[in-house]
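*Asks:* Chains as they are written, first to last, in numbering that gives the first Met the number 0: chain H, 0 to 228; chain C, 0 to 111.
FYI, nobody ran anything at the bench for these hints, they're computed from the structure. Cβ coordinates follow ideal geometry from the N, Cα and C atoms, glycine included. Keep in mind that a hint or two might mislead.
[As the list claims (entries may be wrong)] Label pairs and their in silico Cβ distance ranges:
id, chain 1, residue 1, chain 2, residue 2, range
1, C, Gly8, H, Glu61, 25 to 35 Å
2, C, Leu9, H, Ile216, 43 to 53 Å
3, C, Leu9, H, Phe87, 25 to 35 Å
4, H, Val178, C, Thr90, 56 to 66 Å
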Amino acid sequence: MSKLDDLIRKNNELSKKLTPENDEIYTNIVCYLRVSGLDELETEEIIHDILGMFLEAQERGEKIEQVIGDDYQAFCDSIIEAAQPKRFSWRRLFSDLEIVVIVIALLCLLDIVLLYLPQMFKQGRLILDFQVSLGYLINTAIILLASVSIFKYIGKTSFKYSKEKQQGHGWKQFVLLWVIMSCIVALLGLIRYILNPVVFFSVKIYYLAAVLVVLYILLRAVKEKLPVN
Amino acid sequence: MKNPQLLKGLLEGCILKLISDGETYGYELVENLKKYGFRDISEGTVYPLLLRLKKNKLLYSQDRESPYGPKRKYYYLSEEGEKELESFYQTWLELRNVIDLIFRDYKGGEQN
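All chains, please: the whole structure from these sequences, using the hints.
*Replies:* Structure, rendered in structure tokens:
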């Protein structure tokens, strides 16, 4: 297990000791920091420190406001400023690529289960050729872009959302995200319908799986070797 | 003290000094600073400063068991930290003299 996974697991384990009230503040801080552009290992180390602060404050019977003030976003911003995130880092590039590979693998799997399996049953034979069409490529790009944007958006607005929820406006963001997601899904369906007949080439499914697995292992191995700064 | 920018730099110097007196961890450091008179200080102010000092290699840290929950992070001064502390103190002495001189006749004169 890598140092990063180990630390994330440890943080998850420790965070179970937080009171529900503190857990909500902690979760917002974690969301905000994880999309801040800091190195992911460094982020988890900072989260670990913050968790320590929270748990010790809890032990002393103090409120979180007494420990980090009541402007949690300002606290996070001062941490991010102090940690001076780089505009570009090889480690970040590799962890982004890692996500890309995982998403592509998941999308292929989804296609195989939803499209290829039914056909196999219908035709009563194995289909091992995965067809890479224009529609497939465009959809993959859209899904990647949309998932990264939504992930970042949720992180960046975590404090705002939490406040709105307290004031009873939480449903607004929920509805907004739901509408955006529906539009994206509709768009994906349309693109698939129109552009799927444009097939570029086809690959054997087992080759595709092998390439993705090897790529994933390689990316992770290289990322582990890269220095944090 | 109300001026956050001014406070930051001074606090960093004070943190270096207190850590050079002996290893310490976040909460203890905050309590110490409060005892000396930095009344509005909290871990929320001190932690980002510790992070920055550590990032600039003036401090290093070690995790040690604590009575509750996660390990405590103890901070130590590095060699660069010692140098920085020295230069902070020199700067402070000079600055203090200059400021005292400039403010000597402020609002009707000598206060000490």
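*Asks:* Which numbered hints turn out to be false for this structure?
*Replies:* none
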